[in-house]
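Same order as they appear, the protein sequences are chains A and B. All residue numbers for the first sequence refer to our numbering, where the first residue is 1 and numbers rise by one. All residue numbers for the second sequence refer to our numbering, where the first residue is 435 and numbers rise by one.
Treat the hints as calculated values from the structure; they're not laboratory data. Even for Gly, the Cβ is constructed at its ideal location relative to N, Cα and C. Certain hints may be false.
As the list claims (entries may be wrong) - Here's a subset of chain A near chain B, in silico, CB distances under 7 Å, partners left out:
id	residue
1	V233
2	G274
3	V275
4	P276
5	T286
6	T374
7	C416
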Amino acid sequence: MVDLSFVRKDIVPQRAAPLSEAGIVGWFRKNMFSDIPNTILTIIVLYFIISVLSSILPWVFSPTWYSGSLTECRSILAELGRDGHGGGGACWGVIRERWLQLLFGFYPSELYWRPILAFFLLGLALAPVLFEGASRKLLYLTAVYPFLCFWLIWGGSIWFPITVFAGFIIAYVGFVYVNKIAGSLSGVIASIVLPLIWWLFIVSPLSTMLFSILPIGSEAIDSDRLGGFMLAVLIGVTGIALSLPIGILLALGRQSDLPILKGVCVCFIEFIRGVPLITLLFVASTLLNIFLPPGSNFDLILRVMIMVTLFASAYMAEVVRGGLAALPKGQYEAADSLGLDYWKAQRLIIMPQALKISIPGIVSTFIGLFKDTTLVSIIGLLDPLGLSTNIRADMAWNGILWELYGFVGFIFFIFCFSMSRYSMYLERRLATGH
Amino acid sequence: MNAIPDPDKQGFKFSQLLYDTRYRSMTIQVVSLIALLLFFGWLISNTAANLATLGKPIQFKFLGEPSNYDINQRLLDYTSRDTHLRAGLMGLLNTLVLAFMGCITATVLGVAIGVMRLSKNWLVARVMTLYIEMFRNIPVLLWIIIVFSIMIETMPRPNQFRSGEASMKLLDSVAITNRGVYIPEPLFSNGLGDIYLLGASSLRFGISLDLIALLIVLFVGVFVSRKIKTSADKIQNETGVRPTTWWKRISVIIFPIILVLWALGFHLGYPELKGFNFKGGTYMRNSLIALWIALSLYTAAFIAENVRSGIQAVEKGQSEAAFALGISPGRTMNLIILPQALRIIIPPLISQYLNLTKNSSLAIAVGYMDLTGTLMGITLNQTGRELETVLMGMAIYLVISLAISSLMNWYNNSVKLVER
Chain A
1 MVDLSFVRKD IVPQRAAPLS EAGIVGWFRK NMFSDIPNTI LTIIVLYFII SVLSSILPWV
61 FSPTWYSGSL TECRSILAEL GRDGHGGGGA CWGVIRERWL QLLFGFYPSE LYWRPILAFF
121 LLGLALAPVL FEGASRKLLY LTAVYPFLCF WLIWGGSIWF PITVFAGFII AYVGFVYVNK
181 IAGSLSGVIA SIVLPLIWWL FIVSPLSTML FSILPIGSEA IDSDRLGGFM LAVLIGVTGI
241 ALSLPIGILL ALGRQSDLPI LKGVCVCFIE FIRGVPLITL LFVASTLLNI FLPPGSNFDL
301 ILRVMIMVTL FASAYMAEVV RGGLAALPKG QYEAADSLGL DYWKAQRLII MPQALKISIP
361 GIVSTFIGLF KDTTLVSIIG LLDPLGLSTN IRADMAWNGI LWELYGFVGF IFFIFCFSMS
421 RYSMYLERRL ATGH
Chain B
435 MNAIPDPDKQ GFKFSQLLYD TRYRSMTIQV VSLIALLLFF GWLISNTAAN LATLGKPIQF
495 KFLGEPSNYD INQRLLDYTS RDTHLRAGLM GLLNTLVLAF MGCITATVLG VAIGVMRLSK
555 NWLVARVMTL YIEMFRNIPV LLWIIIVFSI MIETMPRPNQ FRSGEASMKL LDSVAITNRG
615 VYIPEPLFSN GLGDIYLLGA SSLRFGISLD LIALLIVLFV GVFVSRKIKT SADKIQNETG
675 VRPTTWWKRI SVIIFPIILV LWALGFHLGY PELKGFNFKG GTYMRNSLIA LWIALSLYTA
735 AFIAENVRSG IQAVEKGQSE AAFALGISPG RTMNLIILPQ ALRIIIPPLI SQYLNLTKNS
795 SLAIAVGYMD LTGTLMGITL NQTGRELETV LMGMAIYLVI SLAISSLMNW YNNSVKLVER
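Chain A with its partners taken away, still in its complex shape:
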């Protein structure tokens, strides 16, 4: 009998996957052509992409960078044999000629270094807040930055921002000193009352006096010369920086057990969230002066900043409240059982976790706020959109549209997209789960 049983002695070597399953072909089959409906969908989308690109790309790549007016653009395009009536190509000359204006508004061009320096310092001042690796010493810069930025952009006497900043030092010193003598509550009251007296009654005569003794300052710039992306960033950053702390306080107020405080916070939040931002800007432009003491008339940009900040704080409060509500009750109870008082519990236990949960919401509020700065063009400020209208009123560029809007939209996209990517980075960095 012959033994016909067959036992393989050695393992068959691995073979590569079939060509249709591996590599690029396999990937395409799996992700784009897996079955008939999928293939049809892919073909439709491809057709759509190609038709959009084929109409936009020739328009974008148009050799009109050095043209000085719309008619010159069109003649360049007509010489190339393209359609000279706008459809043939973009007229990028307007961006070359006016991009500085779109960035700085009517800021005097010999002083452009001031907003540029302010913007650069903003990056440095934000670094310790945004990134872990940055030097902690930069936090000193962060503390004085608002005053430095104010002085760099608006100019004028250096003593005014310095004396205003001194108010905060007085608050701190007052707190520490009175705290030692008369207890923490008196310390808190002193830290509120003393700087208020300082700001309301002492700052303006003192800064005038100091300026007459030591006239250090720079050329003052009127607010109506500010504009462009500088204005958008200025309003946006102020709103962002101030709305977070105010929003946190409002959220805590809304969560609190004190009915009157809670009612006030709820009314404020719901009122602000119920009306469009544009109506609040109308209030800033027409009504705010009526609400303030007779004769007081301060800058429109400042009024807009106040309204934008209030608007963003109400939204921020709701985002933070969501974070607070998402925390397990045990965290509050644990803080209580450790004997921490309310503020310590908030600062050490609750807020770090609640804010971490609400990062995506906080950043999307920031993005929304930055986008909403375009609304100030409706009440007549020269933000990028307002400037676009202004540029189109110029004889040389009368009739230009897409180039300006495209440029403005592109810059906004870069700002907002990088903010949203940063929030993803932050979420990953702070993630402690598994």
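Dock chain B against chain A, hints included.
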């Protein structure tokens, strides 16, 4: 056993107001209430002093005066001899129409895009991501202006239709021109007419009886259709076999409506080129179309993200369990996935509707006469009553927002998971 002794009865001391937790919260509240009242008193006294200097005490008499301006899109009868109040009402109706249209299209688009973003097709998913990022990161005001410019600059002029350079779309029924879009209008040759309410006051309005008749028939049809469904459910519960009812349920709704439409002599009035412009049909202005498209596309990007996160939040085990029970994919979607996803999607959806309604106030940028354009725009400029008009406008927006959110919260509560 030691009993805890009562604390010494020392009587009330003033310092207890600050250091005793029983009284401290009271103290804080009273102090903050006083501060708040002082603040409001300060504001009101300032306002009174300022208004006295300006010589315009607060009064709403201007609402009854003739407005002397025209409104280009009016849903009710209105002339420039009507009052400012009626002009404001026209603006309010325009706002509501825009918001309503926008919410519907934004929801449809947003759901479609959100689902496609999760598509297994790599290309489709990428294109949808690009769409979402583009619209979420560029200001809505810019989008409105861009769409408005597209409407004005690239659409054909009415006279180009005459020379044949442009043609009407959809079987010669829709004309897209640079002045706006003309669509067929519904007409009733033996209609029931209108009823007019509120006489000759500023808030008078008329309602088409044809519309009321159609709505009644529709509601009755839906009601009967639901009855059929309940009885089918009952039969299924008793016998285990579900009778086929879909054609009954659809025809109960559709046939009565067709019958009523026929009885009323329903036909479409098509737009026609007469002279320099189109006549007939419903005319939708450029500004309305631009706002509608831009707000829908913009809000759809946000809704798409909500829909995506809602669908992703339903665990995979749910659909696997449904398949294990032998439920068909369509019914799995309807009965298992969607009810759970909707619960997550609806709250953010409400806030998107609110955002859209509030963003509709940007209409002022393209000259659409909404509430901001009439009451807080031309009326403000003509009468110089900034305090009254702006506060009224804010109050109206506030009421709209609260109404939408309470309506949606009521719906949200009705689909909420009942927890034990």
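Structure-based check of each hint:
The criterion of a C-beta within 7 Å of any C-beta in chain B is not met by A/V233, whose closest approach is roughly 14 Å, and the hint is violated. With a cut of 7 Å, the hint placing A/G274 at the interface with chain B holds, because the nearest CB-to-CB distance is about 4 Å. The criterion of a C-beta within 7 Å of any C-beta in chain B is met by A/V275, whose closest approach is roughly 5 Å, and the hint holds. Because the smallest distance between the Cβ of A/P276 and any Cβ of chain B comes to about 4 Å, under 7 Å, the interface hint for this residue holds.
At a threshold of 7 Å, the smallest CB-CB gap from A/T286 to chain B is about 4 Å, leaving the interface hint in force. At its closest, the beta carbon of A/T374 sits 4 Å from a beta carbon of chain B; the interface hint therefore holds under the 7 Å criterion. Interface restraint check: A/C416 against chain B, minimum CB-CB distance 4 Å, threshold 7 Å, status holds.
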